[in-house]
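Chemist: Taking the hints into account, I'd like the entire structure generated from these sequences.
One letter stands for each residue in the lines below.
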Amino acid sequence: MLRPRIIPCLLIHNGGLVKTKRFSEAKYVGDPINAVRIFNEKEADELMILDIDATVKGKEPNFDLIAKLASECRMPLCYGGGITNVKQVQKLINTGVEKVAISSAAIARPTLVAEIANAVGRQSVTVVLDVLKRQRLMSSTYEVCTHNSQQTHKAEIFSLIDEFQKLGAGEIVINSVDRDGMMQGYDLELATQVKSLVKVPVTFLGGAGSLGDLSDLVSLVGTVGAAAGSLFVFKGKYKAVLITYPDRHSKNMIFQYSSNS
Amino acid sequence: MIRIIDYGVGNVQAFLNLFERSGLPAKRARNSDDLADATHLILPGVGHFDYAMRSLNNSGLRERLEDLVVMQKVPILGICVGMQMLADSSEEGVLPGLGWLPGCVQAIAGNSMDDSLPLPHMGWNELQIRTHHAFFPSAAPEPPQFYFLHSFYFRAKNQSDVIATTNYGFDFDAVVCHGNVFGMQCHPEKSHFWGEHFLRAFGEL
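Protein chains in written order, with the numbering used here: chain W, 5 to 265; chain H, 2 to 206.
All the pointers check out, no bait thrown in.
In silico lysine-lysine, DSS-like type, Cα no more than 25 Å apart, as pairs:
1. W:LYS46 / W:LYS31
2. W:LYS203 / W:LYS170
3. H:LYS28 / W:LYS95
4. W:LYS61 / W:LYS72
5. W:LYS72 / H:LYS28
6. W:LYS170 / W:LYS158
No lab work stands behind these hints, which were simulated from the structure alone.
Modeler: This is the structure we're talking about:
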């Protein structure tokens, strides 16, 4: 039976690894290559590495760094940041990245998703949607944003998801901006709505503060990707920097929750 | 020498890294001269079937591979789309496969019993071992787990070729062997302990 994927998400800023809170307050947490090596030893299910500088600075992906990370990485790797065309994607796949994540370029020009899927296969195309929750009087709505949440978009999140999966996205990642770095749990309301809609694999990011939060997610929505940043780079209430990852036994416990749902 | 076939498609370096960790000599093969010392071959592959076939056909490697695999019976392991390329044909494309592994490649969509399952099949899944093989540790406490990332699957013509299956709404052939030709749908180069064991066992065949 397919298992939920427990995915550390690492952010690259100025060549180092950082962890943010609500997409700001970037705190340095270490060297990317070293982190990949540690996650190798801990046998992580998958790794997501996002360059949070590339798009806002209008830069291409840092191919040299990504090639080094990919060659070190003994688990599936998804890279995102600064990707705007098919040529870059082919280059990334050839350096050993399994999946590429696109966000702002897909929202600006949705057919890019189809172009990439045709070139490298849809299994390698991940679309990331950064979402801001807007609390209204009676209900809440979600706003899609890009460029590290500096730009917001009118398009409605659920119609965007539908459009991207029709165009050829092989995975959708929902990244809750307002929960980023808060370590108080995933947005389960949003996760439930999204999961009922998607036909491709989906991964949730933003808010996980404990393994219990991962279990809560998969027991509610089933076999999905549960991604986290802070949970895997901070330890204890003072948030000392220490890379951790659940062992096989803990992962089996989380898996049991997903298979009961 | 284990030679990883480098025709511009797939993660050659990941295999080289794993064999280096295992202490087995492995190098990439970019041209047919590189294949001269091959005792084992690995055919990686990602993306569209026709794209991968066209890349191999244009690589200048095919004729020499044909000789090594068909005439000299050198063991070859196809991974993911590399496995699918060993088949006779694929529903994903129009180009013929290599035809070294009897069977065809079909879409999961329409063949799975459960249409509600997300596609592609992405993530860690278990293998059900049908034929015991050195590829898998004999005293393992739980079924082997491997990373999958695909929307098409190989269907063996001869059920006796099937070493292991995986369930994703239906059972499909995940590891197969026909003489010296081996195929694996999942990614041993990205499957930690299980994958390292598998590749080491292949390299020691």
